[in-house]
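Each chain is listed here by its residues.
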Amino acid sequence: MSDAHGGHAGNHVHPNYLLVFVGLLILTSISFFCSEAIGSKTTTVLLVMGLSSLKVLLVAMFFMHVKFEGVWLYVILVPTCVIATVLLCVLLPDIAKVGFQSVISGG
Amino acid sequence: MSTAVTVAHKAETWTPPVSPGKFAMWLFLGTEIMFFTALIGVYIVLRQGTPPLADGSPGWPDVAANSYPLNKYFGGFNTLVLICSSFTVVMAHRAIGEARFKSVVNWLLLTTLLGFGFMGIKAYEYRSKFAHGIVPGRVAQDPEDLRARAMLSLESSLASLRAAGQPGVDPAPETAAAIGVGDHLISALRDAPHPDGALVGEVLHAAHEHPALHLPHTMLAGGNLWASCYFALTGFHALHVLGGLVVFVGIILVGASGSLTAGHATLVENMGLYWHFVDIVWIFLFPLLYLL
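Taken in sequence, the protein lines are chains A and B.
One point on numbering: in my numbering, the residue at position 92 of the first sequence is 92, and numbering is uninterrupted.
One point on numbering: in my numbering, the residue at position 15 of the second sequence is 15, and numbering is uninterrupted.
Bound-form chain B, shown alone (with noise of 0.2 Å):
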């Protein structure tokens, strides 16, 4: 009868360690961990996996070259503004446990300026790889893979631009230099044994100058499997700040109408352990990507 007493009385006060929404939160981290190490992992082998050219150099690009498609100053720059905005979200979660709440508005605030900032750097920097071709399947692995692509261009766009004109009117002058360098190009490529690196530098540089002939902007050893990797780990990283971001404007609004209580820490303890989690998952591709 003591005992079941001693038990009935340990029944009701028994509290669980954590509320349901924080062991919910780990569990899906967890999940998260397991995601974002077979990327990782998934990478290292592709990367690891590529066997050197026939000419000994790299079959993937060199993080030392001044071919490497990054910056390792915005990937520095970023990786700062995910450590600081680490520190506002915890100071948020320290403020909302004392109850100052214009304190945690203040915080999350900046913690959003911060992300913010951090995908702005991060869509100059896609931006960027877009301007230059740098786009999965779009990049010249070697000379031969560009003379391929380039002929194949070179004959649809010339095709596409003298059936745009008009009989018996001259073309554009843009247009007109078009032409003339495509038609320069298609007889080159189509008359060198092996495109040289002159004719190399003349078919990057007519892409740039020539947008309307469609040229490969890039010629790069491994370009395309480096940019699918590199697309597939950022911007999945990216849709993990961006989804922080919104719950993060949502407590703001909350906090920035007077509601935000005490009944809210859980809510900003669980999403900055989310956001701690993000910037783990940078830690680790910042020097995978842009140092190493």
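Chain A extracted, bound-state conformation (with noise of 0.2 Å):
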């Protein structure tokens, strides 16, 4: 599945990057049909933004070395993400504020 090799980048393991494209490639073309073919809209979110975060998670493990590199880099890594999600969860409650004032207005 890989081998490692010394560089002057230093030493690198190179997983099959072939089979990753490979999954990549499965994995955007179930994405893009599944869009059309599941009914309610919830699954077909829930459905392809899983299937991206699975893609972004591959990228990011084997392009990117994420998953032989050592610690430091999840130390910038793992707040930068926690922060971004955070982010998203504090502009939640104005998407819910819509809907709050939707029904106090009766639409």
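Treat the hints with care, since some could be wrong.
Part of the chain B face toward chain A, derived, beta carbon under 8 Å [said to hold, decoys possible]: (1) 37; (2) 39; (3) 41; (4) 43; (5) 48; (6) 90; (7) 94; (8) 95; (9) 280; (10) 287; (11) 289; (12) 291; (13) 292.
Facing chain B, from chain A, some residues (calculated, C-beta under 7 Å) [to be verified]: (14) 86; (15) 88; (16) 90.
Result set (EDC-like, lysine to aspartate or glutamate): computed pairs, CA atoms no more than 20 Å apart in a straight line [as the list claims (entries may be wrong)]: (17) B:129 - B:62; (18) B:22 - B:98; (19) A:41 - B:62; (20) B:72 - B:62; (21) B:72 - A:69; (22) B:22 - A:69; (23) B:22 - B:32; (24) B:129 - B:142; (25) B:72 - B:125.
No lab work stands behind these hints: they were computed from the structure.
Don't be surprised by glycine CBs; every beta carbon is placed ideally from N, CA and C.
Using the hints, put the two chains back together into the complex; each one sits in its own frame.
Okay, here's the thing in structure tokens:
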């Protein structure tokens, strides 16, 4: 599945990139066609965004070598991703507020 | 004494886990994550927060409707192009680690071609939006908005067309036709208690047939806000693609001159990281804009 070599850029593990590439193509095809095939909007959103997250995970872990890097990278990535997620979560009440307004205005 | 020697020895042999350049690149990517999360977050809030219209129809362009301004096949093809370019750039990274410099140039050349392919499709999409008047602030939101915009345009356009003609000389046939259609529309719009579907269709048809009238080309609920979001999200992404392509061309030129060495490995790796991040952003933008 993977091999390693030394070089000026440091020691790198090289997974089977072709396999990752094929995986990305398959996931893209599924999300493309599932966006029409699934009836419920919520199910479609969850499925398509879930597949996109899986694709991001594949790119980050294998193409960007996050899987093979040390703790130092997680020190950068984890707080960034947590703050980014919190940012989205604190925006959610704004979304809910419109629904609330339409309820009180009878819309 | 012995401890001091050991510490000194460790200090001499210790090396940082990564190059400063790679560390800086990851810090930069951290700021980029925040930047694009904010952009995407604002898009979600605006989209979900837009209430439906009074008649219950969606207040935001519906991706399943024929009137939706984007073609998912273009978006899907661009996704394919960026995924392929992610694969080619990681192969370039692998090649430079194995000192196969000719191979590095070939893989990066392929990456650059794919990147320009992405930009070409994006340019075609942008051109189509401009041609249909889907530009922030220029989209009519509903029939009443269309009437107000059309009346304003017609008054100024007809005045300009008439002023441009010379006294005693008949205007050119296309100008005369535009003036005739404009006069008919302005009275129809003024007299109609509420612009119906037929009148709306007439205005939109005239917008394409007589550009001199400067009529609104499109009527789309939430179209202006949608266009702002679309151009902001894809525009910033395209700028990132362009930045990456400039550096790739530079590396290819160095490689073509035979000056590429193992010393460039960190540069290729960092540019690969950057390019993968650009791919990741598109992986989220594609479903949000084209599929859902």
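Hint by hint, here is what the structure shows:
no.	hint	result
1	37	holds (4 Å)
2	39	violated (11 Å)
3	41	holds (5 Å)
4	43	violated (10 Å)
5	48	holds (4 Å)
6	90	holds (5 Å)
7	94	holds (5 Å)
8	95	violated (11 Å)
9	280	holds (5 Å)
10	287	holds (5 Å)
11	289	violated (12 Å)
12	291	holds (4 Å)
13	292	holds (6 Å)
14	86	violated (10 Å)
15	88	holds (5 Å)
16	90	violated (9 Å)
17	B:129 - B:62	holds (16 Å)
18	B:22 - B:98	holds (19 Å)
19	A:41 - B:62	holds (12 Å)
20	B:72 - B:62	holds (13 Å)
21	B:72 - A:69	violated (36 Å)
22	B:22 - A:69	holds (12 Å)
23	B:22 - B:32	holds (15 Å)
24	B:129 - B:142	holds (19 Å)
25	B:72 - B:125	holds (11 Å)
Of the numbered hints stated above, those contradicted by the structure are hints 2, 4, 8, 11, 14, 16 and 21, listed in ascending order.
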